[in-house]
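If you read the sequences in order, they're chains A and B.
With the UniProt record's numbering applied, the first sequence covers 1 to 286.
With the UniProt record's numbering applied, the second sequence covers 1 to 250.
Worth flagging that the hints you see were computed from the coordinates, not collected in a lab.
Keep in mind that the hints are not guaranteed to be accurate.
Unchecked claim - Listed next, the in silico SDA-like pairs over lysine to any residue satisfying Cα-Cα at most 25 Å (straight line): (1) K149(A) with T175(A); (2) K149(A) with N40(B); (3) K149(A) with R192(B); (4) K170(B) with T175(A); (5) K149(A) with A179(B); (6) K149(A) with G81(B); (7) K149(A) with Q133(B); (8) K149(A) with L155(B); (9) K149(A) with H14(B); (10) K149(A) with L165(B); (11) K149(A) with F225(B); (12) K149(A) with G66(B).
Being a predicted model, the structure only gives us computed values, none of them experimental.
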Amino acid sequence: MSSFTEAVVLQVGISVLLALGYWIAVSTGKYSFGHTAFMAIGAYTASILTLNFSWPLPLAMLASGAAAAVAGALIGWMALRLSMLYLAIITFIFSQLVNLLISQWEYVGGASGMIGMTGTTVPLVLGCVLIVVAYLVLLSRSRLGLAYKAIREDERAATASGLRITRIAVGAFATSAAVTGVAGALSAHQLMVINPELFGPRQALLIILYCVLGGVEYFWGAALGAVALSLLPIYFDWLNEWYEIVYGLLFVALMIVRPQGLIGRRGGGRIRLPRIPAGRERESVG
Amino acid sequence: MAEPLLRVSAVTKHFQGVEALGEVDLDVAEGTVHGVVGPNGAGKTTLLNVVSGYVPPDAGRVELAGRDVTRLTPQRRVPLGIVRTFQNIRLFGGLTVLENVLLGQHGRASTGTRSLWPLRSGADRRLRAEAEQALDVFELAPYRGRRAAELPYGLQKQLEMARALAARPKVLLLDEPAAGMTAEGRRALVPRIRELRDEGLTVVVVEHDMDVISNICDHVTVLNFGRRLTGGPPGPVLASNEVRTAYLGT
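Here chain A stands alone, though its shape is the one from the complex (with noise of 0.2 Å):
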């Protein structure tokens, strides 16, 4: 395998666990915007372990996953019972917040961030995708994964079947966070270098992306969403400046044709906006 292609294949392999990982989050209907912090939370766990510790890559993986699981419930916890809106600006305001603390900490290195980490291999990442997707699948076909559903489509509903929203949400945060924390560990040690300009809004919004543009009914699909985002700034690369706006234009196109994303059924799994009960809903007492 040619250097090149290697690198195109760790990095797609990066994005699309980072795809999965948000996707789980979204498959419960909660959308993070700032699933950044957790990305960071991992890379710098990682490379604390792997540079000053000398932990072995897979390892400190474990380890960032699980720090990033522990923040993804903490945070889950706090945000996961507010609606929509409130659970966008707690995220971003902790992935700010994330952000900030590693710019000042002088022990990883400040602003300009950390250098020197190396062993991401295209066996490794193809691993974690694969166990992943492994998971993903037992996830689809379980009780659990169904509850996943019921809770992005109708949570009063859910609650009437006695589904506990709160903990099963936060769950889910958590193995979404762990999922992309393992995937900010590997971008880590593939990148060599990290600084907290890497974890910014326009990361956050990238990761978005992915399952929008593949569609956030079945995980395949956003997979092949980060697979296209991927690709598309190496292999047209010659559109130079132009790149930017030819993209947007073709995302504002496909968000018309197929709202549900390239893999998805006509109306399912489509972003739902917090749902303002009706008038006699609200204050029935009849």
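Once you've looked at the hints, dock chain B against the given chain A.
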């Protein structure tokens, strides 16, 4: 007299200063159908919301088989046996008919890592077979793979009831089950609820259709302006001048 299965004692609820329920009492005996009737705004749905946990009362108590459940969330009441349907149908519209019923069984299914096992394995196979059977009973089997949102209104009502029954409730709360149904649908509803009662289920039903109420209920409680007006067997209660006046507002 035996202890009632469901007891509501002196429940009071205000919305922005307006009294929706004022010291309402309700005793529901096991294996009976109890109707709650009254004009619009009488507090019937609020009462169901309080019993199912969707609205916390300002004062009063809700007990199930002697256990105080007043402060429990709706999802904690479901495994204890209080399950409801809604006035405005709440289904998982994007999920299939079968998946809707499977979700009704959530509280009875495996939890923890076992919830990740495929739906067709182990104990879940039995639950799945039960869900398929429920679809047969409610004549929903031909639509099992269809999205719930694609069903006509009457079948959606049936599906909501099938999902509620999948939780194996002790007390089933039905909020206007006949509303919006065709005459045929209403006729089918009466024997179905009677059958459930004969199987030992306790049902509390809020309904405007007095034919349905008088055909299925063993006991009726009448609410008016959030207060309990009267109660008793449906025949004499619905025929009383007091109730007629409340409905006609004269």
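Structure-based check of each hint:
{"no.": "1", "hint": "K149(A) with T175(A)", "in the structure": "holds (16 Å)"}
{"no.": "2", "hint": "K149(A) with N40(B)", "in the structure": "violated (35 Å)"}
{"no.": "3", "hint": "K149(A) with R192(B)", "in the structure": "violated (30 Å)"}
{"no.": "4", "hint": "K170(B) with T175(A)", "in the structure": "violated (35 Å)"}
{"no.": "5", "hint": "K149(A) with A179(B)", "in the structure": "violated (28 Å)"}
{"no.": "6", "hint": "K149(A) with G81(B)", "in the structure": "holds (24 Å)"}
{"no.": "7", "hint": "K149(A) with Q133(B)", "in the structure": "holds (23 Å)"}
{"no.": "8", "hint": "K149(A) with L155(B)", "in the structure": "holds (22 Å)"}
{"no.": "9", "hint": "K149(A) with H14(B)", "in the structure": "violated (35 Å)"}
{"no.": "10", "hint": "K149(A) with L165(B)", "in the structure": "holds (20 Å)"}
{"no.": "11", "hint": "K149(A) with F225(B)", "in the structure": "violated (40 Å)"}
{"no.": "12", "hint": "K149(A) with G66(B)", "in the structure": "violated (35 Å)"}
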